[in-house]
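Protein chains in written order, with the numbering used here: chain A, 1371 to 1714; chain B, 1371 to 1714; chain C, 77 to 688; chain D, 77 to 688.
Be aware that a few hints might be false.
Said to hold, decoys possible - Below, computed lysine-lysine pairings styled on DSS-like, alpha-carbon distance capped at 30 Å:
1) B/K1512 <-> D/K637
2) D/K269 <-> C/K562
3) A/K1697 <-> B/K1512
4) D/K269 <-> B/K1512
5) C/K638 <-> D/K637
6) C/K495 <-> B/K1697
7) B/K1697 <-> C/K269
8) D/K283 <-> D/K269
9) A/K1523 <-> C/K354
10) D/K270 <-> A/K1697
11) A/K1523 <-> B/K1697
12) B/K1573 <-> A/K1524
13) A/K1560 <-> A/K1601
14) A/K1524 <-> C/K354
15) B/K1526 <-> B/K1560
16) D/K269 <-> B/K1526
17) A/K1526 <-> B/K1697
Said to hold, decoys possible - Going by beta-carbon spacing under 10 Å, a handful of chain B positions derived as facing chain D:
18) R1399
19) C1404
20) I1433
21) H1452
22) G1478
23) S1527
24) A1530
25) D1597
As the list claims (entries may be wrong) - The calculated label-pair distances, taken between Cβ atoms and stated as ranges, are:
26) D/P255 <-> B/G1522: 41 to 49 Å
27) C/E257 <-> A/A1666: 49 to 57 Å
28) D/Q233 <-> B/L1386: 40 to 48 Å
Bear in mind the hints are in silico, worked out from the structure with no lab data behind them. Glycine included, C-beta positions come from ideal geometry on N, C-alpha and C.
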Amino acid sequence: MTASVYPTVPATDPSLLSKKDFQTEVDPRWCPGCGDYSILAQVQRILPELGIPKEQIVFISGIGCSSRFPYYMNTYGMHSIHGRAPAIASGVKTLRPGLSVWVVTGDGDALAIGGNHFIHALRRNMDLKILMFNNRIYGLTKGQYSPTSEQGKKTKSSPAGAPDYPFNPISVALSAEATFVARAADIDAKGLPAVLERAARHKGSAYIEIYQNCPIFNDGAHDYLTDRKTKAEHELRLEHGKPLRFGANGEKGIALDTRMQPVVVDVATYGEDRLLVHDEQNDSLAYFLSRLVHPAFPTPVGVFRCVERPSYEQLVEDQLTAARERKVASVQDALEAGETWTVA
Amino acid sequence: MTASVYPTVPATDPSLLSKKDFQTEVDPRWCPGCGDYSILAQVQRILPELGIPKEQIVFISGIGCSSRFPYYMNTYGMHSIHGRAPAIASGVKTLRPGLSVWVVTGDGDALAIGGNHFIHALRRNMDLKILMFNNRIYGLTKGQYSPTSEQGKKTKSSPAGAPDYPFNPISVALSAEATFVARAADIDAKGLPAVLERAARHKGSAYIEIYQNCPIFNDGAHDYLTDRKTKAEHELRLEHGKPLRFGANGEKGIALDTRMQPVVVDVATYGEDRLLVHDEQNDSLAYFLSRLVHPAFPTPVGVFRCVERPSYEQLVEDQLTAARERKVASVQDALEAGETWTVA
Amino acid sequence: MLEKHTEVLEAVAIRFAGDSGDGMQLTGTQFTETTALAGNDLATFPDYPAEIRAPAGTIGGVSGFQLHLSSKDVFTPGDEPDVLVAMNPAALKVNLPDLKPGGILILNTEQFSDKNLERAGYKSNPLEDGSLAAYRVYPVDITGLTLKAIADVGLNQRAAVRCKNFFALGLAYWMFNRPLEHSIAWIEQTMAKKDALAAQANLKALKAGHAYGETAEIFTHSYVIPEAKIAPGKYKNITGNEGVALGLLAAMQLSGLDMFLGTYPITPATDILHHLSKYKHLGVKTFQAEDEIAGICSAIGAAYAGGLAVTTTSGPGLALKSEAMNLALMLELPLVIVNVQRGGPSTGLPTKTEQSDLMQALYGRNGESPIPVIAARSPGDCFDAAIEAVRIAIRSMTPVLLLTDGYLANGSEPWRIPKLDELPRIPVHFHTEPNGFQPYGRDDRLARPWAIPGTPGLEHRIGGLEKANLTGAVSYDGGNHELMCKLRAEKIRRIADIIPPTEVHGALDGDVLVVGWGGTYGAIRAGVDKLLGDGHRVAHVHLRHLNPLPADLGAVLHRFKKVLVPELNLGQLSHLLRDRYLIDAVSYNKVQGKPFKESEIARAVLAELERL
Amino acid sequence: MLEKHTEVLEAVAIRFAGDSGDGMQLTGTQFTETTALAGNDLATFPDYPAEIRAPAGTIGGVSGFQLHLSSKDVFTPGDEPDVLVAMNPAALKVNLPDLKPGGILILNTEQFSDKNLERAGYKSNPLEDGSLAAYRVYPVDITGLTLKAIADVGLNQRAAVRCKNFFALGLAYWMFNRPLEHSIAWIEQTMAKKDALAAQANLKALKAGHAYGETAEIFTHSYVIPEAKIAPGKYKNITGNEGVALGLLAAMQLSGLDMFLGTYPITPATDILHHLSKYKHLGVKTFQAEDEIAGICSAIGAAYAGGLAVTTTSGPGLALKSEAMNLALMLELPLVIVNVQRGGPSTGLPTKTEQSDLMQALYGRNGESPIPVIAARSPGDCFDAAIEAVRIAIRSMTPVLLLTDGYLANGSEPWRIPKLDELPRIPVHFHTEPNGFQPYGRDDRLARPWAIPGTPGLEHRIGGLEKANLTGAVSYDGGNHELMCKLRAEKIRRIADIIPPTEVHGALDGDVLVVGWGGTYGAIRAGVDKLLGDGHRVAHVHLRHLNPLPADLGAVLHRFKKVLVPELNLGQLSHLLRDRYLIDAVSYNKVQGKPFKESEIARAVLAELERL
Ligand SMILES: Cc1ncc(C[n+]2csc(CCOP(=O)(O)OP(=O)(O)O)c2C)c(N)n1
Ligand SMILES: Cc1ncc(C[n+]2csc(CCOP(=O)(O)OP(=O)(O)O)c2C)c(N)n1
Ligand code: SF4
Ligand code: SF4
Ligand SMILES: [Mg+2]
Ligand SMILES: [Mg+2]
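Bound-form chain A, shown alone:
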C-alpha cells in the first residue's frame, strides 16, 4: 500500500482564532436591518471558542437570503441548491466525521422544498448543526408566505390570505427524533450564543430555530419576543431541572390542568412546586413545550431537548472498524472472491 493521497498538512492552532478570522472580505448582501446580520455576528463570535481549527469547519446552505450565510464565513463553505443542504452536509460528515459541519437554512429552504432532507438528517442523528432562520416568509423571492407563515397571511401569492396552516418547526424537529432542539431570537445577544455553543458541543444532530426579522417582507414578526418592552411577558427561558417561570420577576408559571393541558398560573398563589419542571431528556415534555404558542402562551426559548444517541457517522465508523477486524481482505481479494476458474 502506497502513502495516502490525502493531504497530511498539520491542523492550525484554534486557540489563536478570533472573531475576525471568521469574517470574509465579501460584504454581506442583506437588506439594512435584516436579522441575518446579528446571527452572523453571533456565530462568528462563538466559533473561536470551540477549539476547532478553522479549516475543519464547513458551512453548507441551500438557497434563500439566509442561505447566503456561507459566503460571509471564512471557513469552507457551500451555497448549494434549494432545500438540499442537509443531504449534502450528510455526505460531507459521513465521509469525514472529523469535520465540524454546519447547515444554514431558512423556513422555506428547510421546511418547504427541503422538509424531507431536514427530518431525515435529524432522525439519523447525523452530527450536523442546523441553524434555521425563521422569518416566516420567503425573503429571496420577494415575499411569498412560507410553511411557517400564519394562516390567513396576506402576501403576494396569497392576496386573500394563506389557506395553509403552518408547521410548528420545533414540533416537527422533535418528532423527527432530533437529539438537540433549541430556539433563540436573532438579536438575543445572550440566548443565541448560549444555544449555539451548546449545539456545537452536542454530539449528534442539533437543530436551532432562530427567529429572524425580515424588515422588508415581514417586519416585526417576532417583535413581541424581542422588544425590550414586551419580552419579559412573552419569553419563557427553558432551564433544565428548573420550574417553568416567566414574567418580569418570574411571577408567572406553566402548569398542567386536570385535562393535561397547559395553563398559565400565578406562581405566588399556585405554588412553585406545582409548576412543571423542565427536563431536556423527556421528549413528550419537549413536545408539550413546543405547543406553547404566542399569544395564548409565552414562547419558550433555550433548549427543548438534549439527549444522547449514537450519531449516524459514528455508527458507520464503528461498522467499518468492526468489519475490518472481522475480515482482512484486499480489493484484489474482493475481485477474486466467489466461484472462480482458471484457464491456463
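Based on the hints, put chains B, C and D with the ligands in the right spot on chain A.
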C-alpha cells in the same frame, strides 16, 4: 355564458352498493399471505357503508407493493409515481372538493421519498384519507430497510445492520398538525374497519398507520400485536374519555410518573382514577401516546387524535365565494383592467 | 430667456438608471405609459440588479429601465440608448458603455461625492476629468432641486429625497414633449391612496422637473416623436408574465374549464403566480406547493379531475419536474408547463435571461418521452402562446411545455386587448358513455378520452406503468410497449397538422435565412429588416413550435444558401435543425444574460453573407 | 439397454424456464458455472417476471434463464435456444415461440394438469394435441421422479417438490456431458450451511436426474461442446451490476480515495448498493438516502470532502437527480452517476431493458450543461467502464454519467479477473498550497484544483451561482458567464484527447457501418460477424464515449456509404450522429424491453446493403 362543459350525469345511488361492487376483475398480485389482502378486504367492506356514490371515490397511490392497491378497487384510481400521491391527491381534492379522495402508500413511499408531501398534506388539512401500510421494509424492491425499520436491522442493503434510527410515524403525523391520526393492524378485523370508517367521516386530513405483515421480506414484524396469544399484553386500545387500560382483563394501566414519564401500573393497586385518560383533542397527550413503543410499553391502537379545523380545500372554496361576492367581473374585464389606451 | 428648439425624431431610446432604491422602474413605467398614450410604438427593457439588496451606491445595486419609442414599428428596446439619465456614479459606470456616441447624458450631480465615486469604483470624477467629452452632458442637481421644490410639503429628509425620480421624469417629459396628465392622474389616484403626503410631494417634483427643462438655460433642444401607425383597438402594457397569466385566463374562458395552478415560487416565474392568485373571483385556484414536484403533481391531479391544469417554473424547477412530466405523458392528460428560462446551469444567473432550456424541454426525461414544446416571442405574444399551449394540450391529451424567458417575463410592450368572443373556442369533450369505454382508445388525433372522476360507469385505473393499448391495463408485453411508444410519438407528430405554414419574412429564397425562436424575435426581426432595407437577400423565420416542427420547415430551410441560428445559448436549436434536416446550420451565440442587439444580428448575418 | 450416441457441437443455447418459485435462476447459474469451468465461452440471459409475485402457474410468473455456450467466441445468449426445459405449461407457452425449429423440448409432465393448462391459457394439452410436432419432445415426470429419488430424506412435500430443479439440472448435465462435481461441491458447501436436509435431497435429485438421462430409454443422444480458446487467467461470472461495483472498488484502490455511495433503491440498479454494502472492511461507505435527490446530494458532499463519490439509479431516478447534477457541474467536483437504464417513459417497464436515457443523459438539465457520458457494452465491461468513469471524473473535475442497462445489469458473463497492480493508477492531486490558490484556476485539462475541507489556508466558498473565472466568487457579469459556459464546455471537449482512436471491426471502409453503444454490443458484433463471414463489406463501431464523441469518429463515418444505428429506443444516438456529422444515419429500433437478436441485426444490415 354557454352551458358547462362538465358532465351533468346524475350520481348513482350509493345505497345499492356492496363489497363486490368495489372489486375489480384484476387479480391482486401480492405474495401469498401478504397483509395487503386483508386491508383490501376491509376497505372494500366499509366503502359501501359510507353513502358515497362509487364514481365519486378516487384512490391515488405512489409506488410499492402497497401502492398497487388502486388496481384492485373498482373506483377511479391512479397508480402514480414514488412518493407523490399526497401531492397529486391534493390537486384532485382542491379542484373537486366533492370527491372522496384516498391515498394509499407504504412506509417507504410515504416516509422516505414522499416524506415532504406527506407532512405538507397533513398540515394543510387537505381532506384526504391517507392509509399507510407499514411493513417496515421496502417490499417491491425486494427488501431494503425503510425509515420505519428498527436500528440495526439487517437487510440486503444493510448487511451490518441499518445505522438509521427510525421515524415514529404517528409522532411525525401529529407534529405535522394532522387533525385525525390513528393506527390499526392489517388483520384486526374489528379495529381496522372502525378507524377506516371514522377516518372516512372525518372532515380534513386523516392518517391511518396500518401495521402490515410482509411475509417475504419482514415476516412477523407485528406478530406481538396481532398474534392472539400475545395481543392482549401488547395492545392498548384507545378510547376517547376512557382511562388507558390493557391486559387480558384490563388489569394494567398507563400513568405518569413524577418525571412526567409513562409507567405501566397495576390498576388494582394503583387505582383506576389515577390512570391517564384518553383525550383525542389533546395534541400533547396524543404525542405522549405515540411514544409508547414496544417492547417497553403496550402499543396504542385506535384514534390518537381527532380535532376539527377547516380543511384546505374548504378554505379555498370560501375564498372563491367571498371573492365572487366582492367582485363581479368577467375574464374580458380582467384583460381590460389597468391603464389602457385606445387607438382609433 | 434662451430660445428652445424642437426637433422631430423618428425614434429614440432612453434609459433611466439609478440605485435600486431610486425608483427607476417606476419612472420607466410612467414614461412608458405616457408614451403609449401618445401613440408611439414602443418596447421596454427593465434591468433589475441580481443582488437582493446590494449596498446603496454600488455597481451591484444599479437598476435600469430602457424604453424605445418610435413613429415606426418597434421590435426591441433599442441597442444603444440615445439618452441616459444616471442618478448616481454607479449608474453612470454601469450604463455609459451602452450610450450611443454623442448621446445625451443627464447626471444627478448631487450624488457625485467622493464617497459615491469610490463606491462606484471611479478614481476621478467623470464630471470633471473630461472622460465624458464624447457625450452631450447635462449636469443637474436633481436631488437638490427636488428638495427645494417640495420643501413646503413637510416630508422627512429620507422620504423627500425619494421624490427625485419624479423630478427626473418631469424633466424627461419636457425633453420629449410628453404631457404630464397621465402621471399626474396616477399620482393622484394610485399613489395618493397609499400616502397622500408623498403623492403631493411627487406631484410637485414632477412639475418642477418639467419646469426646470423649460426654464433652465442648459437645455436648448426638445424632441418630438410623431405618432406611429398602430392598429386600432384598446391597448395596455403587459409583461410576459402577465401575458401568460392573461392567456391562461382567456383559455379558461374559451374552454369552459376550471383553472388550477400548482406551483412553487422561483425567479423569474413567480409573478405568474402572483397574477393568477388575484383572480379568485373568476374561479382560479392557485396552490402554492411545498416544492416544484408537488407543484406539477398537484396539477396532474387537477388535470385528472378535469381542470385546466398548469404549473409554472424556471430551469432548475423544470429539472425537478421531469419525472412527473413523464407521468403526465403516460397518463395522457392535458397539462401546461410554463418554463420561464433564466441563466443556467444550476442556480446560474437567476435574474438574467437565457434560452438554454430548449434541450431540457425536448429531451430532459427518461425513456422515449415526446412532449410538445412551444415558445413565445414577445411579452404580448405570451398571451397567444399560452392559449395555444392549452389548445394543444386538450386536443391531443398531452402535457405541453411553453417556453418564455426572463427577458420576456419582465419586459413589457403595448398589447392590443383582444375580444374574447372573437377568439376561437377551445373545444373540450368529457367522455360520459360507459358502453364500449376504452380508457386508452383514441380519436383521429390519437387523443384518448378524458373521463373524469364523478362520471358514473367510467371508473378506471391509470398509472405510470406501460399501458395496454385501448384498455389501459398494465402491460409488460414487449410488442405492446413498442406500439405504445410509437403511438405516443405519432400523437405528438400529428400536432404538426394544425401548425400553419411557416411564415418567411423577407426573401422567399436566397442567401441567408435567419431562424430564431422565443424572445430573440425583436432583435432578429429588426436586424433582418435593416439588411432587407439595404437590399440583401435575407429572411427571417421565427419558430413558435419547437416540437413538432412545422411540416414545411425543411423545404423552407433548403431554399436558402445558408441558415443562421442566433440563440442565447451555445446552439441548441441549431442542434435540432442539423439533426432533423441535415443542413449545416450556423449557430450564432450569446450567453451573457442579455438579449441580442439588432446590430449584433445584422453583423452576424452580414458576416455570413460575406462568407457565401 | 439403449445405445447412446455422443454428438459434437460448436455451440448450443439452452433455456431453463419455470415458475418464479421453481429455482430456474439457480439452475441456470449452476449450469453456467459448470460450463465455464469446462472451458467454454458463454453468455447468459436471466429473464425475471415483471410482477412481484404473480400467482403460481400463470404466464406472469414465468422465470427463465438462457445460456449460450460455445467452443468459439460468444457475444450473446443466443437468439433462439436449441434446448428448452419447461417446468410447467406457462413456461412452455411463454418460451416455445423462441425455440429453434426442431429444437429439444424437455417438459415436466406432472405439471400438465387441466388446472395448470388453464392457468397458462391452453385450451388443449400440447403434450397430446400434436402442436409440438415440430420439436423433439421429451416428456419427463420430473416432479414424480424427484420425489421418488429423495423419498428417504424425509423432507416435507413442499420442500421435496422444490428439489425438482436439481433433477432437471442433472438431466441437462448428462445431456451435455458436463461433470457434476461443481454443483455437488456447491450443494455440500454453500447450501448445506443453510439447510443440511435440503442439501442432501438436492444432491440426490441432481444425481437422479443425471442417472435418468443415462438410463431412460427416451434419450438417445448426448452432446459435447469442445473447449473454447480462451485467454489464460482466473475467471468468474459477473453480472453488470457486480461489474460496476467491482470496478468502483478497483478505482478506489487505483486512486487511493475513500469511497462513498449515496443512493436510493430502484430496479434494476439496487444490486450495486447491495454489492457495495458488503465491502465495509475495505472502507466503503454506503448511504441509503431518503430519495434519489438526497442520494446524489450526499455524494456531492462526499466529493467536496474528497471522496470517490458515486450515486446509482435508473431512469426516473436520473430525472430526479438532474438539478443536483448541475450543481456538481457548477462546483466542478468529480462524481460518478451510474444510470442503469430500464423501459420508460415514467415507471414504464421497470424490470425490462432499454437504451432510452441517452438523450436525458446528454441534455436533461437546465442551461448549458455539458457532462461526459460513457456506456458499458457487456457485464464484464461494466468493470472497465466504471474505472474509466472515475478516471475522467477526477482528471477533469467533473460529474460523469455511466450508462448501463437492465440487460447488462442482470446478465452475466465470464470475466477475466484483472490484477490490480497491472492496471494504470488513477492519479489524484489534492491542492494544499495556499499561496496563489485560485478555487477556479485551471490546469491544461481545464480542471480546477481539488481543495478539500481540512486543508489549512484554503478555506473558500463555492456554490451553484455563476462563478467568476479563477476566483470562483459569485459573478453576475455577462462576459464572465459566457466565458465560464465556454470553459465548461471546452473542458468536456478536451476529454476527447484521451479517447483512443475508434476501433473499426470489419471493413475499414465500404458499404454499411453499424454504429452501436451500450448493451447491444454482443448482438451487433455477432450479426456483423455473420455478414463479414458471408463476404459483405460491413463493419461495426461500438461507442464507449457518447460525450465527448471520439475525435476521429466523423472521419470513420464518412468512409462508409451508409451508417446504420441499431438501438433499443426510437433513435437517440442517431439523432446525435446526424446533428454532429450531418450524415443520414439510419436508425434501426426495437423498444420491446428485450435485447436485439443477432439475426435481427444481420437482417437489418442486409436490408441496407440491398438498398444501396
Ligand atoms: C429549485 C428551486 N426552486 C425555487 C427556488 C426559488 N427560491 C429561492 S429561495 C426561496 C425561498 C426562500 O425562503 P427561505 O428559505 O425562508 O429563505 P429567506 O430568503 O427567507 O431567508 C425560493 C422559493 C430556487 N432557487 N430553486
Ligand atoms: C423515483 C423512484 N425511486 C425509486 C423507486 C423504487 N421503489 C419502488 S417502491 C420502493 C419502496 C417501496 O417501499 P414501501 O413504500 O414501503 O412499499 P412496500 O413495497 O413495502 O409496500 C422503491 C424504493 C421508484 N419506483 N421510483
Ligand atoms: S429580504 Fe428580508 S430576509 Fe432577505 S435580506 Fe432583506 S431583510 Fe433579510
Ligand atoms: S413483498 Fe411483502 S409487501 Fe410485497 S406483496 Fe410480497 S408479502 Fe406483500
Ligand atoms: Mg424565510
Ligand atoms: Mg414497506
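Going through the hints against the structure:
| no. | hint | verdict |
| --- | --- | --- |
| 1 | B/K1512 <-> D/K637 | violated, 49 Å |
| 2 | D/K269 <-> C/K562 | violated, 51 Å |
| 3 | A/K1697 <-> B/K1512 | holds, 27 Å |
| 4 | D/K269 <-> B/K1512 | holds, 23 Å |
| 5 | C/K638 <-> D/K637 | holds, 26 Å |
| 6 | C/K495 <-> B/K1697 | holds, 21 Å |
| 7 | B/K1697 <-> C/K269 | holds, 20 Å |
| 8 | D/K283 <-> D/K269 | holds, 20 Å |
| 9 | A/K1523 <-> C/K354 | holds, 15 Å |
| 10 | D/K270 <-> A/K1697 | holds, 21 Å |
| 11 | A/K1523 <-> B/K1697 | holds, 21 Å |
| 12 | B/K1573 <-> A/K1524 | holds, 25 Å |
| 13 | A/K1560 <-> A/K1601 | holds, 14 Å |
| 14 | A/K1524 <-> C/K354 | holds, 12 Å |
| 15 | B/K1526 <-> B/K1560 | violated, 35 Å |
| 16 | D/K269 <-> B/K1526 | holds, 19 Å |
| 17 | A/K1526 <-> B/K1697 | holds, 19 Å |
| 18 | R1399 | holds, 5 Å |
| 19 | C1404 | holds, 8 Å |
| 20 | I1433 | holds, 7 Å |
| 21 | H1452 | holds, 7 Å |
| 22 | G1478 | holds, 8 Å |
| 23 | S1527 | holds, 5 Å |
| 24 | A1530 | holds, 6 Å |
| 25 | D1597 | violated, 23 Å |
| 26 | D/P255 <-> B/G1522: 41 to 49 Å | holds, 44 Å |
| 27 | C/E257 <-> A/A1666: 49 to 57 Å | holds, 54 Å |
| 28 | D/Q233 <-> B/L1386: 40 to 48 Å | holds, 46 Å |
Of the numbered hints given earlier, the model fails hints 1, 2, 15, 25; all others are met.
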